[in-house]
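Chains as they are written, first to last, in the working numbering: chain Y, 1 to 220; chain E, 1 to 273; chain V, 1 to 216.
Do not take every clue at face value.
To be verified - Dumping the calculated DMTMM-like pairs for lysine to aspartate or glutamate here, alpha-carbon to alpha-carbon at most 25 Å: (1) E:K126 - Y:E122; (2) E:K145 - Y:E139; (3) E:K217 - E:E189; (4) E:K66 - Y:E122; (5) E:K126 - Y:E189.
These are calculated hints, taken from the structure and not from any lab test.
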Amino acid sequence: MSAPDLLARCLGYAPQLLDGAVTTLYLSLIAVVCGFFAGVFIHVLSASHNRLLAGFARTYVSVIRGTPMLAQLLVFYYVPTALGLPLPGVMSAAIGLSLNTAAYQSQILGAGFRSIPRGQIEAAQTFNLTRRQALWHIEIPQVVALTLPALVSEMIDVVKATAVVSVIAVTDLMRVGQQLASVSYRPLEVYTLAACYYLAITTLLSLAGRALERRIARRT
Amino acid sequence: MSTLPILQLRAVGKSYGATRVLQGIDLDVMKGEIVSLIGPSGSGKTTVLRCMNFLEPYDEGEVWIKGQLLGYRSAGRTIRDRDSEKGLAEVRRPVSMVFQQFNLWPHMTVLGNVAAPLILSKNASKADARKHALAALTRVGLAAKVDAYPGRLSGGQQQRVGIARALAIEPEVMLLDEPTSALDPELVEEVLSVIRSLAQDGMTMVMVTHEMSFAAKISDTVVFMEAGRIVESGPPAQLFGNTGTPRLQQFLKPWFERSLSAPISLEGRVDTI
Amino acid sequence: MESLLSLAPRFGKAMLVTLALGLSSALLGALCGFVLNALRLRFTRWLSRPYRAYIWLVRGMPYLSQMVIVYFGLPVLGLTLSAVQATVVSLAFYSAAYFAEIFRAGWASIPPSQLDAARAFGIGRAAAFRTIELPQALVFSIPLLANQTILVIKESAVASIITVPELTMTASEVVSSTYTYIAPYAMLIVCYWLLTQFIALTARRVMKLIAPLEDA
């Protein structure tokens, strides 16, 4: 095994791994965005005066945080099948990932919501903004700016969590790696290269996140 | 005079659990009138103000704004009769508020803060809202700061933005909750002069304040509260003229001593300031 | 309901496997992380960069990708590990990074003035480490350590892919042999949730014992 051969082989794996990486990113993006809105919803529920709704939200978060992503994905893949509504792997993955990150985002955002001074909400009430308007125009812009580091961190975690969707037959980066490894009989190279792709993605996200934080900090 | 008061409180009461914070509050505010609420801490004066726009719900009695009942569907109601969000918004539309802590929204520019209620609550177009907001900001002398963020402004400037925000919706009554209490002393005058000029233009105002001289000079009616009740109310000459109840005398003693002069007699009002 | 009960013994055994797997990996990882942090504190000038590089690498890749490198990739270099061995090794290596960061935060929480005081009274470095730094850093870290242990247990589910007989693997076996889906996966969720709650509760009780006066 010589270096130029190794390089040639890695370049050979690259296009397929790139395809897998695109699927990974695509799933991560859907999950993070859907998870954001779902997370806001969960937080609103958990802060509600209705004890049933608040209890449901709290239980939901406890279960999601207390169980592995893989177990949740298996549930979202096989249970619909058992109930007579089989879902394609990608859809189960998207749903499972979104619901998972929603729980974590609700906790992150919740901390942000709690630090908005009550007076700002009172001002919104005084000027007859509806609760929804106060939520989206007054609270959420500030909450996102406040919790941005934690949200970026969560997004990176989501990218890493997507690796397990390979188990439910989604051709993400990890699964492409598995396919290439079994075809080429060179697991060390292939898996290491796939790992490097993940590293590249998470590092870029981390840098982008920090740049975004700096931009927001400059404004306040 | 048989015109309807713009703001009416009838036997208003409020409790927090077992604690009574307001009792038997009766108050009429006519159009163009300036009412000051004074009294020691815990007297309930801020609570009364906050009941006037239903920031705090009241438990007994009625609050009427321009002849419409505030917060409830019918007089003599139970908890179940709370008005809907839309109904409440309709009734309190003519009322706006200026807060002690300004309560500006830090992620919006000054112009954004003043325009937001117009865009979101009155469904004005962005261009229209901008125009009204700019006019209000000019009125308080802050037209130059339209693109600044509240965090960069002094306390006095922030409060003036708050006043502009309250003005932009073209209210008929302005409620002011200790507008200068959170300000450094050298910044108080710039805010008071804006309030003074609004009073001169005929704005109806109800103000909770500790600025006794200001209240004495600017008000039509001064209301002294203690322990949740109105103890005395009347024109400034009466309350500040050292002829009031003993409790009022005691409350105003530091002010009398500080203002050096004997109890004042006031002729005319706003135009002699 | 009765199908759930019939699964209980099998899942109970699998729970113990998961717990053993998770705790041993976490313990090994915590030890390695502790040593790493201690070395970094002692030899800051030389070890600071390699330390940051290691953290960046391990935290930048999913655990699954690291596990498959250890299990499938290392044999290429002549080092073949069983599924359980590969899981424990890779999980310990992975979690050591997180544990090291927890200990780093724990040490950073100690005001430097305390170390100055120690030096002023002639307390040697090792003794200061043992009696002043260690106790405070540990108390600070316990909730984070417990949380990381929970994370390790959750990551161990991935070992089902290389057929380690833990909870997730067991659930999949039951599913494929009985063709029922809801009962086994419901059991799976419940079992993991019980495990993680147990760890969290234990940590809270330990905190109360050790630091009854702390507000945290």
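Evaluated hints:
| no. | hint | verdict |
| --- | --- | --- |
| 1 | E:K126 - Y:E122 | 23 Å, holds |
| 2 | E:K145 - Y:E139 | 23 Å, holds |
| 3 | E:K217 - E:E189 | 14 Å, holds |
| 4 | E:K66 - Y:E122 | 22 Å, holds |
| 5 | E:K126 - Y:E189 | 58 Å, violated |
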